Amino acid sequence: MKRISIDPITRLEGHGKIDIFLDEQGDVANAYLQIPELRGFEKFCVGRPAEDMPNLTARICGVCPEAHHMAATKALDALWHVDPPPTAKKLRELFYSIFYATDHTTHFYALGGPDFVVGPTAPPAERNILGVVKKVGMEIAGKVLKMRHDGHHLIQMMGGRRVHPNWGLPGGVSKGINEEQRREIEELGRHAVEFAKFSLKLFEDVVLKNSDYVKIITGGDYTHRTYNMGMVDSQNRTNFYDGMIRVTDPDGKELVKYHAKDYRQHVAERVEPWSYLKFPYLKNVGWKGLVDGNDSGVYKATPLSRCNVADGMATPLAQAEFKRMYETLGGKPIHHTLATHWARLVELLYAAERWVELAADPEITGKEYRVIPTAVPDEGVGCVEAPRGTLTHHYTTDDRGILTKVNLIVGTTNNNAPICMSVKKAAQGLIKKGKVSEGLLNMVEMAFRAYDPCFGCATHSLPGQMPLEVTIRDPQGEVVRRLAQHVG
Amino acid sequence: MSKGKLAIYWAASCGGCEIAVLAIDEKILKVGELFDIVFWPCAADGKVRDVEKLPDGGIDVCLFNGGIRTSEQEYMAQLLRRKSKVLVSFGSCASEGCIPGLSNVNTKRQIFDAVYKQGEMTYCENPQDLRPQPHTTVPEGTLYLPVFYDTLRTLDQTVEVDYYLPGCPPEAENIWAALTAIIENKLPPKGSVIGRNTTVCDECPRKRSEKKIKKFYRTWQIQPDEETCLLEQGLVCCGIATRAGCKALCPQVNSPCIGCHGANDGVADFGARLMSALASVIDSNDPDEIDRIIKEGIPDPVGTFYRFSLARSLLRRSKRTNGVEVEVHRPAAAAR
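In order, the protein sequences belong to chains A and B.
Under the numbering used here, residue 488 is the last one in the first sequence; the count climbs by one each step, no gaps.
Under the numbering used here, residue 336 is the last one in the second sequence; the count climbs by one each step, no gaps.
In short, the hints are calculated from the structure, not lab data.
Careful, some of the hints might be misleading.
Partner residues are not named here, just some residues of chain B that face chain A (Cβ under 7 Å, in silico) [as the list claims (entries may be wrong)]:
# : residue
1 : 99
2 : 132
3 : 187
4 : 217
5 : 282
No more than 20 Å apart at the CA atoms, straight line, and that leaves these computed lysine to aspartate or glutamate pairs for EDC-like [what the hints assert, rightly or not]:
#  : chain 1 : residue 1 : chain 2 : residue 2
6  : B       : 295       : A       : 399
7  : A       : 134       : B       : 129
8  : A       : 283       : B       : 120
9  : A       : 143       : B       : 26
10 : A       : 288       : B       : 225
11 : A       : 261       : B       : 129
12 : A       : 283       : A       : 262
13 : A       : 175       : B       : 225
14 : A       : 283       : B       : 125
15 : B       : 85        : B       : 74
16 : A       : 146       : A       : 186
17 : A       : 405       : B       : 26
18 : B       : 214       : B       : 300
19 : A       : 288       : A       : 233
20 : A       : 405       : B       : 25
21 : B       : 3         : B       : 56
22 : A       : 288       : B       : 56
23 : A       : 146       : B       : 125
24 : A       : 367       : B       : 225
25 : B       : 186       : B       : 74
As the structure is a computational prediction, the values presented were derived from the model and not from experiment.
Cβ coordinates follow ideal geometry from the N, Cα and C atoms, glycine included.
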């Protein structure tokens with residue numbers, strides 16, 4: 001095979017790049033996903049007071065600042081050896097549930113959903129939120145906008161700001177809620193439950209009742225047998241805010257369940273010179289390259305992964321939907337990447353139900369939403385499930401609480417290897433003998449979108465939604481085709 | 001009247017500015033009525049090649065968020081400057097460097113070592129000591145990455161800027177006010193910050209009296225009451241030096257202002273302004289006592305005074321002499 005040189009000037013578009021190389025037969029030799037930037041929070045946060053981290057690390061990602069804010073706040077609890085009072089924990093989980101419901105709504109309707117609601121083969125100009133509106137009507141668009149508006153309104157009410165809250169402290173939060181606010185939160189939460197139920201019904205009507213779509217979901221081009229990771233509570237049910245990290249193997253058997261603070265014994269990261277983004281893998285299974293199977297340490301941390309590692313959901317309606325999903329798709333675990341969209345809606349329902357549960361909790365308006373730390377800070381790990389995967393913040397400080405070491409493993413980074421694998425598999429399935437299928441672009445996109453990749457988080461550098469350019473070159477380095485699209 | 005042409009772009013930013021634009025809710029439809037969106041990678045089609053093909057000045061307004069850290073971002077800043085009649089430095093990253101600008105206390109080598117070197121800050125396994133490279137040869141060909149620069153620059157340190165919109169991110173109401181000013185052609189003089197020229201204190205509902213501080217507290221150390229000025233309670237609230245426009249959102253949830261809207265007109269250096277404001281409330285004339293009050297209560301002057309604005313400050317970055325990297329001695333930097 002000849003080496004191919006690529007002119008960088010033509011490839012300045014966007015923040016994610018895929019290069020697909022064809023061999024002499026015109027088949028796909030390899031495909032690379034490159035992430036072209038880094039911001040270096042791990043370094044420049046050193047020297048800062050640790051209590052600034054919820055605000056500093058929120059700026060890793062403006063799409064999910066709440067996740068970084070919360071992981072950082074939990075790391076501060078551990079760092080200062082302080083156990084927040086029950087009201088504080090419940091307020092945080094309530095806030096986090098509202099955020100989850102809002103974020104999953106955005107993904108399903110604006111980013112991932114159009115492929116199914118409008119259709120995978122619809123013209124690209126219609127495969128967007130406006131296309132969804134056209135297909136399902138203004139009334140539903142109104143519901144989506146209201147859901148997002150309500151979520152942001154409550155996030156600002158509790159955390160201070162719609163984007164980049166300023167609320168978390170070691171030992172609790174800066175302010176609680178009063179009865180009037182509680183009532184509003186509960187009422188909007190009940191709307192959110194109805195919205196989630198409606199979204200699942202929409203998914204059933206539009207996707208599950210269409211056998212072509214079901215065939216695409218369960219087809220081989222989008223299937224990878226990898227390990228899965230997610231957070232579970234004491235009864236092995238999904239939890240976004242707190243719990244232990246459970247990893248299951250490609251057959252669904254538990255490999256390990258560990259405390260977040262022990263993550264280093266289980267996860268390692270690999271560096272490739274062609275991407276600024278590292279590749280995490282399961283240390284005790286080992287790195288075997290970008291391949292799936294029981295011998296490869298590649299794992300996924302997605303909504304579907306969280307369902308795969310859990311025994312069930314902690315709220316009744318979500319539990320029923322969880323069961324239905326596995327019954328429909330042939331039992332656990334599910335390895336079809338596109339089923340992630342379904343899992344995301346099950347999680348949306350769980351988040352909304354949890355939101356109402358917590359808003360109705362008698363302790364939620366308690367005045368003890370904070371305790372002042374008294375111990376000397378040293379080291380702490382904080383972990384939450386970000387919508388896009390397990391998020392870990394790890395800090396070490398001097399005895400004044402000034403940071404001396406910072407390590408971050410963020411949601412999408414977990415999925416760097418499987419996303420690369422999905423892109424390659426989709427390309428190999430669609431490009432034969434130099435003929436590029438018309439459907440390639442969207443099929444590659446769909447492989448991507450299922451992960452809801454947020455390379456802003458991943459590289460601690462890039463925006464939340466990613467414009468993607470695919471360049472396909474023959475062995476002489478000539479451009480066969482160039483495809484560009486904006487990937488959520 | 002023909003529709004104007006609008007572009008929105010992101011460089012080294014977090015995506016929060018894009019979310020903030022979408023938070024203007026239904027008014028985004030009005031934007032769609034008045035402008036053709038020719039380039040907005042987040043939400044609409046349009047390729048760099050299409051922008052390259054436009055005549056110079058072919059875009060009426062470009063809202064540019066994010067700082068400049070790589071060769072790719074530098075190219076986009078230059079391209080969009082050339083193609084845009086009005087270039088708006090949108091949000092804290094483009095205007096001041098924001099939190100990512102704090103990386104200017106380090107060099108590229110320090111950052112790469114921290115992230116990629118085995119046994120350093122992170123826990124990556126990298127026995128071959130690899131680093132991302134501008135060119136990598138793989139069996140099938142060569143892969144390219146944009147060059148990562150040593151220093152993060154603001155947009156106006158890279159190209160000429162016409163207007164600034166403050167905030168991390170800008171609040172939706174202020175975004176709409178700026179768009180309205182553009183639509184109605186009621187823009188202030190070139191080079192202006194579009195926003196109110198008062199401080200967060202003027203919008204803050206907390207009760208204020210005479211400020212006399214004997215001790216600064218860190219946020220984790222005390223539970224402030226919900227009525228009184230946070231600075232008077234000893235917390236380093238940046239509202240006193242920060243441009244208004246947010247309606248004091250953070251103090252309303254009992255958290256001090258962290259300064260994300262930057263400085264007012266005529267202030268060359270946000271950190272110097274905040275330092276001088278705090279100096280005037282320290283209740284002591286004894287140099288040793290003053291030194292103790294500052295050292296105990298403000299252990300990280302760079303991160304406190306230049307949290308959002310290091311890249312555009314008079315300091316800009318840590319000192320490098322003859323290729324030897326010298327780390328900023330933080331207390332000294334703040335005292336300067």
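Handout entry: Proposed proximity, residue 262(A) with residue 283(A) (alpha carbon, max 20 Å)
Key = At roughly 12 Å apart (the allowed maximum being 20 Å), residue 262(A) and residue 283(A) satisfy the hint.
Practice task
Sort out whether residue 129(B) lies within 20 Å of residue 261(A), counting only the CA atoms.
Solution key: violated, 26 Å
Problem - Interface hint for residue 217(B), Cβ within 7 Å of any Cβ on chain A - result: violated, 10 Å
Problem - Hint validity - residue 99(B) Cβ closer than 7 Å to any chain A Cβ - result: This hint holds: residue 99(B) lies near chain A, its Cβ roughly 4 Å from the closest one there, short of 7 Å.
Problem - residue 288(A) paired with residue 225(B) [C-alpha distance capped at 20 Å] - result: Measuring from Cα to Cα gives roughly 56 Å; hence the hint is violated.
Practice task
Take the C-alpha atoms of residue 288(A) and residue 56(B), compute the straight-line distance between them, and say whether it is at most 20 Å.
Solution key: Distance of about 50 Å is beyond 20 Å: violated.
Handout entry: Restraint check, 7 Å cut-off on beta carbons, for residue 282(B) near chain A
Key = violated, 19 Å
Handout entry: Given hint residue 26(B) paired with residue 143(A) - CA-CA distance at most 20 Å
Key = holds, 13 Å
Practice task
Would you check the hint for residue 146(A) and residue 125(B), treating anything up to 20 Å between C-alpha atoms as holding?
Solution key: violated, 46 Å
Problem - Distance restraint between residue 175(A) and residue 225(B), which requires alpha-carbon spacing of 20 Å or less - result: holds, 10 Å
Problem - Restraint check for residue 367(A) with residue 225(B), where alpha carbons must lie at most 20 Å apart - result: holds, 13 Å
Handout entry: Proposed proximity, residue 125(B) with residue 283(A) (alpha carbon, max 20 Å)
Key = holds, 9 Å
When each numbered hint is compared with the structure, violations occur for hints 3, 4, 5, 7, 10, 11, 17, 19, 20, 22, 23, 25.
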